[in-house]
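Asker: In case you want the letters, here they are:
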Amino acid sequence: MHTEHDHDHSELSDVQLRVRALETILTEKGYIDPAVLDGIIEHYETKTGPHIGARAIARAWVDPQFKAALLEDATKAIASLGIPVGDHLIAVENTPERHNMVVCTLCSCYPWDVLGLPPVWYKSMPYRSRAVMDPRGVLGDFGITLPAATQIRVWDSTAETRFLVVPQRPAGTEGWSEERLATLVTRDCMIGMGLARAPEKGAA
Amino acid sequence: MNGVHDMGGMHGFGKVEPDADEHPFHASWEARVLAMQRAIRAARAWNIDMSRDAIERQQPRRYLAASYYERWLMGTETNVVEKGLVGSDELAAGHALRRGKSVPHVMTKGDLGESFTRGSFSRPPSHEARFKPGNRVRARNINPPTHTRLPRYVRSHEGVIEAVRGCHVFPDSVTTGRGEDPQWLYTVVFKACDLWGPAADPTLTVSIEAFEPYLEPA
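Taken in order, these protein sequences are the chains called A and B. Numbers 41 to 244, taken from this note's numbering, label the letters of the first sequence in order. Numbers 56 to 273, taken from this note's numbering, label the letters of the second sequence in order.
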């Protein structure tokens, strides 16, 4: 394969060459603007991420009305915080009796608007294959053991609906501010692949 | 299609490993692949279902061997050729050999803000929803050779309608040239023992988001 960048040819993998070729072609044909690609990348690297979801969860922990609104229509409720969120976002609540987990067995559907880009493990074949059959085993891979009596619901994201898990508020956080509570809300616990941090481990 | 992408319930892939680092991209080419896929949407030559379909149609051994963003790259390479935006000779050459076709829109910096919020997949229904919450249904035993969002592991099994999610663009039709063909979408809950047999976790239920044509009354 030839490119116009022969000087570094030997250092580039086949995939890198194909990516470079595709961007060159799409740009030369006027379908994309490389400066726009830079802007898209900047957004995913610096602006979006699980801090957005964490803000909504912390609000739900301190404000029962907001929590009810979030569980009723998560898109609308989070938009009321001034955070634009796409349609079809559904919040599901963890309780002492029930633990929710989210997977996409067919590809990698994930609530980008509130969690940013998915971690590699979420998109991995072990997670996609096992979560719907052996969620306790999958949680065990991350060192998490749920009580034997806890009911587990796994949500397979097979359409354009997206799911955000509302984790249980950790004990010992009475009187905490929303900002401080948000530091306990990890990305993984909003997927159901974890629990919110215990307070001694949260940032003060 | 009954492809390797339909992984729910398969064995042998091993443990789930936490990410080594939290950076969203692990190489700069991954970021370029994601950004190209987002930007080329403005040309309106295909939708998200066609992106998934193009990935699922890759050779199974290629699909399994590829990393996540390599699969995206394969899908985009497939779609730009199939939708007539780029020639396969151009992909091989590594640069354009002909002028681009006229496309409805080219994404600009001004479009960036709103492009990050997902669009709606709701469409007006052509008929009343056939099922209500609480109804017992069976996932049809269908095996289309084309794109579908009905995973194999629920087919022929009985479940319960938990929620009606509105009427949405139907992926099976979009990817086979039949347009958006909107269909009612439901959350359907299955007991793990029905899906996986008597050894299944008795505390487990699994739900899928099922389009109405995937379901029949049980």
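The hints are simulated quantities; they were obtained by calculation from the structure and are not laboratory data. The C-beta atom is built at its ideal place from N, Cα and C for all residues, glycine as well. Do not rely on the hints blindly, as some may be mistaken.
Rough simulated footprint, nothing fancy, chain B against chain A, three-plus residues with beta-carbon under 8 Å [unchecked claim]:
#1 57-71
#2 103-114
#3 118-126
#4 178-187
#5 208-221
Example chain A residues on the side facing chain B (calculated, C-beta under 8 Å, incomplete) [as the list claims (entries may be wrong)]:
#6 GLY79
#7 GLU85
#8 ILE92
#9 LEU146
#10 VAL172
#11 LEU235
To give a feel for the contact side, a few chain B residues facing chain A, derived at Cβ under 10 Å [to be verified]:
#12 ALA75
#13 LEU128
#14 LEU140
#15 HIS182
#16 ALA184
#17 PHE186
#18 ARG195
#19 ILE197
#20 PRO199
#21 PRO200
#22 VAL215
#23 SER228
#24 TRP251
#25 THR258
#26 LEU259
Asker: None of the hints should be skipped; say for each whether it holds.
Answerer: Hints, one by one, checked against the model:
1. 57-71: Holds, because 14 residues of the region 57-71 of chain A bring their Cβ atoms closer than 8 Å to Cβ atoms of chain B.
2. 103-114: Three-residue rule not met by the region 103-114 of chain A, so violated; n is 0.
3. 118-126: holds (count 3)
4. 178-187: This one holds; 3 residues, not fewer than the three required, reach chain B with a Cβ under 8 Å.
5. 208-221: Not satisfied, violated; 0 residues make the cut.
6. GLY79: Interface hint status for GLY79 of chain A: holds (5 Å vs cutoff 8 Å).
7. GLU85: With a closest approach of 6 Å, the GLU85 of chain A hint holds.
8. ILE92: Because about 11 Å separates ILE92 of chain A from the closest Cβ in chain B, which is outside the 8 Å limit, the hint is violated.
9. LEU146: Cβ of LEU146 of chain A sits 6 Å from chain B, so the hint holds.
10. VAL172: holds (5 Å)
11. LEU235: Check failed: Cβ of LEU235 of chain A comes no nearer than 15 Å to chain B, outside 8 Å.
12. ALA75: holds (8 Å)
13. LEU128: holds (6 Å)
14. LEU140: At 6 Å from the nearest chain A Cβ, LEU140 of chain B passes the 10 Å test, so the hint holds.
15. HIS182: For HIS182 of chain B, the interface hint is violated, since the closest Cβ of chain A sits about 19 Å away, which is over 10 Å.
16. ALA184: With a minimum Cβ separation of about 15 Å from chain A (threshold 10 Å), the hint on ALA184 of chain B is violated.
17. PHE186: violated (15 Å)
18. ARG195: Given a least distance of 14 Å, the restraint on ARG195 of chain B is violated.
19. ILE197: violated (14 Å)
20. PRO199: The hint is violated - PRO199 of chain B has no Cβ within 10 Å of chain A, the shortest such distance being about 14 Å.
21. PRO200: With Cβ-Cβ at 16 Å, over 10 Å, it is violated.
22. VAL215: Check failed: Cβ of VAL215 of chain B comes no nearer than 12 Å to chain A, outside 10 Å.
23. SER228: Constraint on SER228 of chain B not satisfied, violated at 13 Å.
24. TRP251: Because about 6 Å separates TRP251 of chain B from the closest Cβ in chain A, which is inside the 10 Å limit, the hint holds.
25. THR258: With Cβ-Cβ at 5 Å, under 10 Å, it holds.
26. LEU259: holds (5 Å)
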